[in-house]
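Participant: Sequence order for the protein chains is A and B. First residue of the first sequence? That's 2 in the working numbering, and the numbers climb one at a time after it. First residue of the second sequence? That's 399 in the working numbering, and the numbers climb one at a time after it.
Heads up, some of the hints might be wrong.
[As the list claims (entries may be wrong)] Which stretches of chain B does chain A cover? Using the computed rule of at least three CB atoms under 8 Å from a CB of chain A, they are:
1. 416–428
2. 437–444
3. 453–461
4. 479–492
[What the hints assert, rightly or not] Under the rule of at most 25 Å between Cα atoms (straight-line distance), these lysine to any residue pairs were calculated in the SDA-like manner:
5. B:K455 with B:R506
6. A:K27 with B:Q465
7. B:K455 with B:F467
8. B:K411 with A:G41
9. B:K450 with A:T100
10. B:K455 with A:K57
11. B:K411 with A:S40
12. B:K455 with A:R51
13. B:K411 with B:Q465
14. A:K105 with B:P459
15. A:K27 with B:Y497
16. A:K57 with A:A86
If you are wondering where the hints come from, they were derived from the structure by calculation, not from laboratory data. Computed from a prediction, not measured in an experiment: that's the story for all the values here. No residue lacks a Cβ here, since even glycine has one placed at the ideal position from N, Cα and C.
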Amino acid sequence: SQQGEEDPQALSIQEGENATMNCSYKTSINNLQWYRQNSGRGLVHLILIRSNEREKHSGRLRVTLDTSKKSSSLLITASRAADTASYFCATDVQSGYSTLTFGKGTMLLVSP
Amino acid sequence: AAGVIQSPRHLIKEKRETATLKCYPIPRHDTVYWYQQGPGQDPQFLISFYEKMQSDKGSIPDRFSAQQFSDYHSELNMSSLELGDSALYFCASSRRQGYGYTFGSGTRLTVV
């Protein structure tokens, strides 16, 4: 089964609203990363949070990590139509070489 | 800044044919990864190379092979292609363990 599971699978909001996406995982991790993907395009790295960090900010993005619950959330504040994309969390697990395992993603639609 | 370069961008092959995908990582990145993303699916890890040696292997079929060359570019070779191999194939590179990945724009393979 997937290491990272996201919810919701799809999210539809209006411009200016906040969007929150959640990710759960199963095994211990080195870090957790969030990526964005526009339809049929490449994955863009958004933010990385290490296992010893609880919260991280980057512009309008805020990521939290709760290792006791094995979960993370991505908050996009004051969303824009250009934020419309799929968002994936990916975990870098604690074994051997770095390898990312992706969750199923949340499709975010921001309407003007 | 230079990104991860993948070629070709699009490829159409018939069943049972062979395909070769190329990836040029960001200079001085020591690890290259290959991912497969089917329609509406999350990216699935195939294989990775650290300093030109295979470092990890995921759900890569035996019909596929990959290598990294002395100039650090990598090739994914796919033989006896099947309809189910139709997907986006991404290459990514990272500077060091535990850092974010930079993905290429992907190669869209269509098997007919």
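Participant: Are K411 (chain B) and S40 (chain A) close enough, with their CA atoms no more than 25 Å apart?
Facilitator: 23 Å, holds
Participant: Verify the proposed pairing of K27 (chain A) with Y497 (chain B), using a straight-line Cα cut of 25 Å.
Facilitator: Answer holds: K27 (chain A) to Y497 (chain B) is near 21 Å, not above 25 Å.
Participant: Sort out whether K57 (chain A) lies within 25 Å of K455 (chain B), counting only the CA atoms.
Facilitator: Status violated; Cα separation ~31 Å.
Participant: Please verify whether K455 (chain B) and R51 (chain A) have alpha carbons no more than 25 Å apart.
Facilitator: 23 Å, holds
Participant: Count the residues of the stretch 453–461 of chain B whose Cβ falls closer than 8 Å to any Cβ of chain A, and tell me whether that reaches three.
Facilitator: holds (count 3)
Participant: Would the pair K411 (chain B) and G41 (chain A) pass a check requiring their Cα atoms to be no farther apart than 25 Å?
Facilitator: 19 Å, holds
Participant: Is the coverage entry for the stretch 437–444 of chain B by chain A consistent with the three-residue Cβ rule at 8 Å?
Facilitator: holds (count 5)
Participant: Within a Cα-Cα threshold of 25 Å, do K411 (chain B) and Q465 (chain B) meet the stated pairing?
Facilitator: 21 Å, holds
Participant: Regarding the pair K455 (chain B) and R506 (chain B), is the alpha-carbon distance no greater than 25 Å?
Facilitator: OK: K455 (chain B) and R506 (chain B) at ~22 Å, within 25 Å.
Participant: Going straight from one Cα to the other, do K27 (chain A) and Q465 (chain B) come out at no more than 25 Å?
Facilitator: Given pair K27 (chain A), Q465 (chain B) is violated - Cα atoms ~31 Å apart, limit 25 Å.
Participant: Does P459 (chain B) lie within 25 Å of K105 (chain A) when you go C-alpha to C-alpha?
Facilitator: 21 Å, holds
Participant: For a C-alpha distance cap of 25 Å, please report whether K455 (chain B) and F467 (chain B) respect it.
Facilitator: Roughly 17 Å separates the two Cα atoms, so the pair holds.
Going down the numbered hints, you'll see the structure goes against 1, 6, 10, while the others check out.
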